[in-house]
Amino acid sequence: MSSNNLDQLYRRVIMDHYKTPRNKGALENNSVNIEMNNPTCGDRIQLTLQVEDGIVKDAKFDGEGCSISMASASMMTQAVKGQEVDTALKLSGIFSDMMLGKEYDDSIDLGDIEALQGVSQFPARIKCATLAWKAMEKGVQNEEKS
Amino acid sequence: MINKEIKSYFPILNQEINGHPLVYLDSAATSQKPVQVIEALKSYYELDNANVHRGVHTLGNRATEHYEGAREKVRKFINANSMEEIIFLRGTTTAMNLIAQSYGRANVQEGDEIVITYMEHHSNIIPWQQLAKERGAILKYVELEKDGTISLEQVRAVVTERTKIVSMVYVSNVLGTMNPVKEVAQIAHENGAVMVVDGAQAAPHLKIDVQQLDCDFFAFSGHKMCGPTGIGVLYGKKELLNNMEPVEFGGEMIDFVGLYDSTWKELPWKFEGGTPIIAGAVGLGAAIDFLNEIGLDEIEKHEHQMAAYAMEKMNLIEGLDIYGPTDPQKRAGIVTFNLNDVHPHDVATVLDMSGIAVRAGHHCAQPLMKWLEVSATARASFYLYNDESDVDRLVEGLRSAKEYFNDVF
Numbered sequence: 007m008s009s010n011n012l013d014q015l016y017r018r019v020i021m022d023h024y025k026t027p028r029n030k031g032a033l034e035n036n037s038v039n040i041e042m043n044n045p046t047c048g049d050r051i052q053l054t055l056q057v058e059d060g061i062v063k064d065a066k067f068d069g070e071g072c073s074i075s076m077a078s079a080s081m082m083t084q085a086v087k088g089q090e091v092d093t094a095l096k097l098s099g100i101f102s103d104m105m106l107g108k109e110y111d112d113s114i115d116l117g118d119i120e121a122l123q124g125v126s127q128f129p130a131r132i133k134c135a136t137l138a139w140k141a142m143e144k145g146v147q148n149e150e151k152s
Numbered sequence: 027m028i029n030k031e032i033k034s035y036f037p038i039l040n041q042e043i044n045g046h047p048l049v050y051l052d053s054a055a056t057s058q059k060p061v062q063v064i065e066a067l068k069s070y071y072e073l074d075n076a077n078v079h080r081g082v083h084t085l086g087n088r089a090t091e092h093y094e095g096a097r098e099k100v101r102k103f104i105n106a107n108s109m110e111e112i113i114f115l116r117g118t119t120t121a122m123n124l125i126a127q128s129y130g131r132a133n134v135q136e137g138d139e140i141v142i143t144y145m146e147h148h149s150n151i152i153p154w155q156q157l158a159k160e161r162g163a164i165l166k167y168v169e170l171e172k173d174g175t176i177s178l179e180q181v182r183a184v185v186t187e188r189t190k191i192v193s194m195v196y197v198s199n200v201l202g203t204m205n206p207v208k209e210v211a212q213i214a215h216e217n218g219a220v221m222v223v224d225g226a227q228a229a230p231h232l233k234i235d236v237q238q239l240d241c242d243f244f245a246f247s248g249h250k251m252c253g254p255t256g257i258g259v260l261y262g263k264k265e266l267l268n269n270m271e272p273v274e275f276g277g278e279m280i281d282f283v284g285l286y287d288s289t290w291k292e293l294p295w296k297f298e299g300g301t302p303i304i305a306g307a308v309g310l311g312a313a314i315d316f317l318n319e320i321g322l323d324e325i326e327k328h329e330h331q332m333a334a335y336a337m338e339k340m341n342l343i344e345g346l347d348i349y350g351p352t353d354p355q356k357r358a359g360i361v362t363f364n365l366n367d368v369h370p371h372d373v374a375t376v377l378d379m380s381g382i383a384v385r386a387g388h389h390c391a392q393p394l395m396k397w398l399e400v401s402a403t404a405r406a407s408f409y410l411y412n413d414e415s416d417v418d419r420l421v422e423g424l425r426s427a428k429e430y431f432n433d434v435f
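Heads up: the protein sequence lines correspond to chains V and Y, in order.
The first sequence begins at 7 in this note's numbering and counts up by one.
The second sequence begins at 27 in this note's numbering and counts up by one.
These are computed hints drawn from the structure, not numbers from a lab.
Hints should not be assumed to be uniformly reliable.
Cut-off 30 Å, straight-line C-alpha distance, at most; resulting in silico cross-link-like pairs (DSBU-like, lysine-lysine) [to be verified]:
no. : chain 1 : residue 1 : chain 2 : residue 2
1   : V       : K140      : V       : K87
2   : V       : K133      : Y       : K428
3   : V       : K133      : Y       : K208
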């Protein structure tokens with residue numbers, strides 16, 4: 007099998023997040039509680055955020071799905087925790103560019119998220135990786151409106 | 027006869043995917059098309075294309091002959107009594123919606139019951155949900171046995187004299203189960219209900235005889251049986267169709283149009299509003315010729331063999347669970363499974379990198395996934411062009427997937 011190609015997708019750090027997800031669970035004291043699913047495949051994420059004074063104070067996720075979707079959710083919560091909402095949204099935009107194989111803003115240190123870059127080579131899996139980010143974006147936008 | 031030669035009729039199979047010869051195991055989603063069908067479409071468009079049932083020119087006549095000729099092929103294929111009972115539509119989903127919106131609205135009243143099962147495809151759930159909500163009717167489910175089959179006792183327990191419609195899948199797109207639709211039709215009729223059969227996974231794989239099944243409606247899609255996408259069939263008993271109102275109004279389906287009122291054409295055309303799916307019907311006709319030449323009995327036998335061989339080999343993989351009947355004679359060539367600790371999407375991606383196409387997800391059957399207590403599964407589905415070497419490649423791929431994920435962890 008072409009395990010070199012697979013290695014691009016399934017980086018060790020991704021598998022680490024999948025096996026030992028960070029920020030798994032639900033925040034009781036949340037200001038954002040959003041559930042999103044990928045209707046074509048059954049992946050589901052429940053995201054809770056605690057947003058105060060324009061800052062994502064805490065983030066947790068729960069759900070079920072493939073390694074890519076769950077690892078991406080774990081990384082996303084890690085990345086946005088403690089960030090200003092604007093920064094979180096900016097990260098989401100960068101991530102989206104990365105998935106689409108576009109040039110992306112590398113002025114911000116993406117940390118573990120960078121490991122997901124290989125997903126862009128697997129068009130069928132991009133939606134897996136972006137599910138958690140979409141949930142975050144929508145959740146934060148709903149919160150701003152209310 | 028099913029032999030090695032069959033593969034050569036399907037040009038698409040002769041290619042490499044990710045550096046490996048393609049093994050296509052997703053025919054339950056859509057089948058591949060033989061040259062006979064591709065050529066029929068090409069020839070129709072190159073030589074005979076025109077609109078049907080209008081005008082007096084030669085091409086128009088030829089197109090009409092092709093279109094109505096395909097209808098006769100379909101009639102024979104499912105042994106319907108008359109061509110008036112064969113309606114061309116987009117596919118099984120459209121057919122189910124037509125039954126719900128036309129027959130359902132006219133015959134289901136508040137407090138009436140509609141009975142389906144836990145193993146239905148979304149296309150045989152949602153039209154009934156919508157109808158039940160609209161009419162204040164009750165949607166009831168027949169539960170499954172542990173091995174993913176339907177027992178007639180269960181059906182008898184659920185169907186009552188208030189039941190107006192029983193709708194059931196003939197062959198499950200997830201479990202591969204072949205359901206006793208003939209016996210269920212009898213139970214439906216004893217209670218004064220009509221029997222609707224979702225034949226999407228049955229028509230490609232086994233001989234269909236709607237008169238012998240004594241079902242009232244039977245729906246299937248062309249693209250799962252070597253035909254093109256966008257063409258499907260609704261069979262209905264003539265006396266029922268005659269009393270049903272069309273759901274799409276416009277050209278083709280009218281008899282006389284006045285300023286404030288119109289009348290409809292005879293069956294089957296009153297249900298075929300707009301320019302029909304002419305090329306699709308031509309392609310479906312060619313697909314039926316192709317399947318007949320090989321023989322539906324042969325195809326069914328081949329699929330039982332494929333299922334038996336696949337299950338035998340896959341069961342040797344430790345940690346692999348197969349869903350549905352354990353007896354291969356009770357199922358069509360569909361094997362749905364999970365490899366423990368590896369999510370089906372990941373399984374499908376690893377297999378794809380080895381050139382093997384399987385489906386992963388909920389297979390448009392979310393209530394069934396819930397019943398199985400899984401969020402998703404992987405599915406290998408076989409058709410006449412698959413052989414044992416394809417199963418061997420799948421098994422090899424699954425072993426690699428298992429190894430790969432064990433290594434990474």
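Status of each hint after checking the structure:
In summary, the hint linking K140 of chain V to K87 of chain V is supported, as the alpha carbons are separated by about 16 Å, within the 30 Å threshold. Annotation: proposed proximity of K133 of chain V to K428 of chain Y holds, straight-line Cα distance about 24 Å (limit 30 Å). At most 30 Å may separate the alpha-carbon atoms for a hinted pair to count; K133 of chain V and K208 of chain Y exceed this at roughly 42 Å.
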